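Novice: Just so you know, the sequences run in chain order F and W. Just so we're aligned, residue 1 is where the first sequence starts under my numbering, counting upward by one. Just so we're aligned, residue 1001 is where the second sequence starts under my numbering, counting upward by one.
It is possible that part of the hints are untrue.
Stated by the list, open to error - With a straight-line cut-off of 25 Å between C-alpha atoms, the simulated SDA-like cross-links for lysine to any residue are:
| hint | chain 1 | residue 1 | chain 2 | residue 2 |
| --- | --- | --- | --- | --- |
| 1 | W | K1011 | F | V139 |
| 2 | W | K1011 | F | C137 |
| 3 | W | K1011 | F | L138 |
| 4 | W | K1011 | F | S131 |
| 5 | W | K1011 | F | E132 |
| 6 | W | K1011 | F | L121 |
| 7 | W | K1011 | F | W133 |
| 8 | F | K84 | F | E104 |
| 9 | W | K1011 | F | I109 |
| 10 | W | K1011 | F | W144 |
To be verified - If we take Cβ atoms under 8 Å as the criterion, some of the chain F residues that face chain W in the derived model are:
| hint | residue |
| --- | --- |
| 11 | L58 |
| 12 | F96 |
| 13 | G97 |
| 14 | V134 |
| 15 | A141 |
| 16 | S142 |
If you are wondering where the hints come from, they were derived from the structure by calculation, not from laboratory data. Source: prediction; values computed, not measured. We put the CB at the ideal spot given by N, CA and C, even for glycine.
What follows is each chain in one-letter form.
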Amino acid sequence: MEQQTTDFDTRVKLAVYRHFAQTGQRPASAEIAAHVGADADQVREAFGRLRANRVLFLEPDGETIRMAPPFSGVPTQHRVIVGKREYVANCAWDAFGILAALHEPGTVISACAQSGERLELPVGPDGPPPSEWVFHCLVPASRWWADLVFT
Amino acid sequence: MLFFRSEELVKDWCRARGVEPRPIVSIPQLWGLATEWYSTRLAPNARRPGPAEMREIFARLGLTDSFWDPQADTFGA
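All chains, full assembly: derive it from the sequences and hints.
Specialist: In structure tokens, the structure reads:
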């Protein structure tokens, strides 16, 4: 039974990630239910287990996906363009992470958090070109999950 | 987790908020973090790195400050 639950959760997780990868948008739980051939309650329960395992971050309603790192379900200042698709990242790290997950070249679009200067960085298969831009994280690694939205 | 145009602008941002600057990460280091964390994320067996693996990843990328220790309980306030 436990193995069946694990297998089901893996199918749900893959369906969520593939939806993000193919569309740039978060899927509704009903879309995932249709995709995996389950009912909405089963998918909501799987979302809860994936949240507990730190795979998904959900809105307070317990079924709307806020984050499936590196993908964001809501607008942020960090965007990634791959061909004609646009993605939203949770943070600067995840902006690069989307390209790493997709294994595709693309462009990271963001801004300097202090000056507001626009960042538009093309990223190839081997990574970004030399750049004087830097990354800064205020929250230490031990507390990242305690307040993921702030981090 | 934010981008800045320069380290000087990180200091300005921190000063305006009354917080100490944290370790600066270069763009090549950030790409290293992204690939280590996410390059298998769409695969069936993908998983987040555990604490020991996180330390190894950070060390490989030269991020050795206690800020990066996923189990430190003493960094900052």
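Novice: Does each hint fit the structure? Answer for all of them.
Specialist: Results for each hint:
Of the supplied pair hints, the one linking K1011/W and V139/F holds, its CA atoms being roughly 15 Å apart against a limit of 25 Å. Using a Cα cut-off of 25 Å, the hinted pair K1011/W and C137/F holds, with the two alpha carbons roughly 12 Å apart. The hinted pair formed by K1011/W and L138/F meets the criterion: a straight-line CA distance of about 12 Å does not exceed 25 Å. For a cut-off of 25 Å, the pair hint linking K1011/W to S131/F stands: about 19 Å separates their Cα positions.
Note on K1011/W and E132/F: the hinted pairing holds, with a Cα-Cα distance of about 15 Å set against a maximum of 25 Å. As the CA atoms of K1011/W and L121/F are separated by approximately 23 Å, the hinted pair is consistent with the 25 Å bound. For the hint linking K1011/W to W133/F, the alpha-carbon distance of about 14 Å falls within 25 Å, and the restraint holds. Between K84/F and E104/F the alpha-carbon distance is near 12 Å, which keeps this suggested pair within the 25 Å criterion.
A distance of roughly 22 Å separates the Cα atoms of K1011/W and I109/F; the hinted pair therefore holds under the 25 Å criterion. A C-alpha spacing of about 21 Å is found between K1011/W and W144/F, which places the hinted pair at or below 25 Å, so the restraint holds. Of the supplied interface hints, the one on L58/F is violated, with its beta-carbon coming no nearer than about 16 Å to a beta-carbon of chain W, more than 8 Å. Interface hint status for F96/F: upheld, as the beta-carbon distance to the closest one in chain W is roughly 3 Å, under 8 Å.
Checking G97/F against chain W: minimum C-beta separation of about 4 Å stays under 8 Å; hint holds. Because the beta carbon of V134/F sits about 5 Å from the nearest beta carbon in chain W, less than 8 Å, this interface hint is met. A cut of 8 Å between beta carbons decides the hint on A141/F: the least distance to chain W is about 5 Å, and the hint holds. Hint status for S142/F relative to chain W: holds, with the closest Cβ pair at about 5 Å, below 8 Å.
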